[in-house]
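Undergrad: As a plain string of letters, each chain reads:
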Amino acid sequence: MPLEIPDINWSLLMPQLVIVSTLLIVLVFDMFDAISKKTLGWMTIVGAGIALWSSIDLLQAGTDQTQFNEMFRIDSYSLFFNIIFLVSTILVALVSISYLGSGDKKQGPYYLLILLATLGMMLMAAGNELIIVFLGLELMSLSLYVLASYFRESPASSEAGMKYLLLGAFASAFFLYGIALVYGAAGTTNIPEIISKLSVGDQLSLLSESPLFLAGIFLLIVGFGFKVAIVPFHQWAPDVYEGAPTTIAAFISAGPKAAGFAAFLTIFVDALPKLPTQATGVIVLLAMLTMTVGNVIAIAQTNIKRMLAYSSIAHAGYVMIGLAAANPDGKSSAMLYLFIYCVMNIGAFGVVIMARTADGENLMISDYAGLGFRKPLLAMFMTLMLLSLAGFPPTAGFVGKLYVFKSAVEARHYWLVIFGAINTAISAFYYLRVVVTMYMREPEEELEFKPYPPTLVIGLVLAAIGILLIGILPSLLLDQAQSAVQSALL
Amino acid sequence: MLIDYLPIVFLGVFAVLFAAVNLSLTHLLGPKKPTRVKLSVYESGVQPVGDARQRFSIRFDLIAMLFIIFDIEVVFLYPWAVVFKTFAENEGSGLFILIEMLVFIGILLLGYIYAWRKGGLTWD
Amino acid sequence: MEINLLEQIVIPIIKILFIAHLLIIGVMAMIWSERRVSGWMQDRLGPNRVGPQGLLQPIADGIKFLFKEDLIPNHVDKPLYVLAPAMLLVPAMITIAVVPFGSSITIPGLENPILLQIADINIGILFILAITSLGVYGVVIGAWASNNKYSLLGGLRSSAQMISYELTLGLAIIGVLMLSSSLSLRTIAVEQGAYPWKWNFLIHFPAFLAFTTAMFAETNRLPFDLAEAEQELVAGYHTEYSSMKFAIFFMAEYMNMIVGSAVVVTLFLGGWHFFGLENVGGEGSILAGLISFAIFFIKTGIFLFVFIWVRWTLPRFRYDQLMNFGWKFLLPVTLTSIVVTGTLWVVVKENKQLWIGIGNVVAAFIVVAIVAGMLAMDNNSKSAVQSTPAAAPLRGLDAVE
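In the order they appear, the protein sequences are chains G, V and S. 17 is the number of the first residue of the first sequence in this note's numbering; add one for each residue after it. 7 is the number of the first residue of the second sequence in this note's numbering; add one for each residue after it. -14 is the number of the first residue of the third sequence in this note's numbering; add one for each residue after it.
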């Protein structure tokens, strides 16, 4: 019986391997009560930093290979997403260090689970195979379920975790069933193979119209739709964001959403032109619904975490525009948008954490009244993040929206662009309302704020610099994203 | 070969028949004199209190979960063990398969120690 | 594929009837010998009235069971309650199918020699592990269906114990598999050869001990019979069972013992081999087959005697001791055994078996010493904590009020 040693190029797997090693190191150090748990947070940041550095390194080297029997893809596309995930992990870890009680035993599994979720996201982005995507999805989701209910003493947090678990498990089942049907129709779970089977020469193949395959694709959309919280699969998001620890709400709204879209884009951007036109119609419809529902409901919110939750739903809609465009520009602009969205959303949640008083968090928008001049730093950060979320120049949010809309115009989805523009106007209303509350309204009662923790300020400064830098010099990132998509096409 | 399993099916049929015949024979042969006391819950002769469908210690759940985790890890070791000697025949691949296993068991061991330290294996 | 009626249907059925009846008679013999041996160990007589030396006692018991009232209490979940004993008995009986109980017999006129084994499948060990683990269902379902607190607690304890020790069972075998490179029990037995110093129990001594211990725990025998600790739980999971249903639980337990012993003999004690007797009457002759069967029978018998011996020698564990023993001693010892076996096999060039045997024992001693030390430290710190009157209150997260 001839046996061969598999040929594995470990240096290509550096980002993942670094994360795994960090995970194990954090696990080991977590066992010693004597070691300060803040150290674990710093270890996470250092580990994610090294992984980020090696991802950038591989990206610049123009790596484009597959590993493990073509199950695992290391190309600029997955590496670009790695950067998104690792940047959000670093920002979340920075924000978390001061947020969790310093002497608390429970901090250990916290960073452990964040790292596990990050690994899951990286698997999702690198998956060249539906099974790997599912593996990553589960690794990420299971960690997030636990993280959402991390504050066991708080009923809201437990409720958030339970809701997330029940609905998430349901969505995973849909996704898995979708994989099964697609496999049944296409005879493979390898994504490029499935896509190549959709057409014969210039003609669409029979597969692209087989009901079994379309049912599978539909179930995949449902599964992804849940994970990235697009309407009508969004109901879990506000409740989970509200109940979960604020840092975790920031984390769930950033990385996992990007990871969901990473897999979503890999499958659908290439597949959509080869599917019946109704499939594009469904995506367009979902994008419109998501934007509108997210923005309109956000207006009615009085709780800032819920408002941010609905705003993040709306942002998923903007990314869907890039997906619906289904051209290389759409893909790269969606990637760019996700990066910007992650940074500014974590920033916004970071400011919510910053506005903490001794008796808890200020989650009502009315609590922010009058902060503009009493707490200039806090208000400045908040204004910047919200302006960016609303898409004002010269912030990154503007750049992101601009390119997404541009790609949709190229794809002749004019109605989608008009919808997006109207929605941007709607969203400006509720984002600016917070800014107005901060600067132009007198507070009802005097609040005693906690001193700003230095790590949180560092995190917010990094986010702010990122937003302004990309806003002023968008080509820094867009070129990377475009070359990533180009290399994936070649 | 599937035909090798045929005797097992025969034996299974035999075992099921054996159990069924025994269970029904005693049902047919034994006397039937039920009384109220005979048919009640046995709690050492005392009047039964409450129902047995109650909540029980979460520890049993924890053990079940730990079992699943470790058992799946063990299952992964079986194919490895079967091909181990074939790989070990020559120098390079022998070292390769050994290190593969050491990494795997190392991670398993870390998880095990973690569960231990966090009190997952403690009964009180 | 064409099915050879004689070789693939008739002969297996003959073998099945032979082995299954041997198993049932074996259970009776075990019940008799358990009572006689315990009588002998406790310096009393034991049953000696029915038949010569009380030999017919189990048959009398069986008949009596059959004529007892078949009581189904009101509060039980009836279908499951009736099904549970069968669910325990059937797996216990099926497991014997893959155990080779002797070499092979060549009968002129037949194409292939007759293997003294019901089914020689290439995944024998996996089959045994898979089927024995089904036995837990019988216990749990019986306990739950009884709707009795004693039963429920006994069933929970028993299932937790069985799954905990199943890990050890699975891990202890891996060392054996590594050196035999096969999952077939027949191949494993053949690989060991005829000489006791080449048998697996010397090469993998710690794994052998761990496997045997886990076997005791799997069969719910003393010192691991927490599930039916009379003083605490009356009869554990079968408290509500009477007449033949109780007897079937009982039989399943003894069958598990017999099959377990047979598996241990095959895996670790060389199966049907014994030096000097391997070629009596020539390869494949009926005489050689019978002798090999006799050797297997005697080995299994000796091992069964050990079962009884242990039962009347050792006191029962406490439940936390039982769990500690399984999870904190046996599991690391078997894991280390795998690592040591693998490393030494690759590193050492000559006398591999000898070095692995020595290495395993040394490593096991080290592991046990470390674990014992850690447990002692744990106990010290625990008693220190308990002596402080007010332990520090749990510090909550300052982010949550």
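If you are wondering where the hints come from, they were derived from the structure by calculation, not from laboratory data. Where is the CB? At the ideal position from N, CA and C, for every residue including glycine. It is possible that some hints are incorrect.
Stated by the list, open to error - So, partial list: chain V residues that the calculated Cβ filter (under 10 Å) puts toward chain G:
#1 Val22
#2 Ala26
#3 Lys38
#4 Lys39
#5 Ala70
#6 Phe110
#7 Ile113
#8 Leu116
#9 Trp122
#10 Gly126
#11 Leu127
Undergrad: Now look at each hint and say whether the structure bears it out.
TA: Hints and how they fare:
no.: 1; hint: Val22; in the structure: violated (33 Å)
no.: 2; hint: Ala26; in the structure: violated (38 Å)
no.: 3; hint: Lys38; in the structure: violated (49 Å)
no.: 4; hint: Lys39; in the structure: violated (51 Å)
no.: 5; hint: Ala70; in the structure: violated (17 Å)
no.: 6; hint: Phe110; in the structure: violated (13 Å)
no.: 7; hint: Ile113; in the structure: holds (7 Å)
no.: 8; hint: Leu116; in the structure: holds (6 Å)
no.: 9; hint: Trp122; in the structure: holds (9 Å)
no.: 10; hint: Gly126; in the structure: violated (12 Å)
no.: 11; hint: Leu127; in the structure: violated (13 Å)
Violated hints, in rising order: 1, 2, 3, 4, 5, 6, 10 and 11; the structure is consistent with all others.
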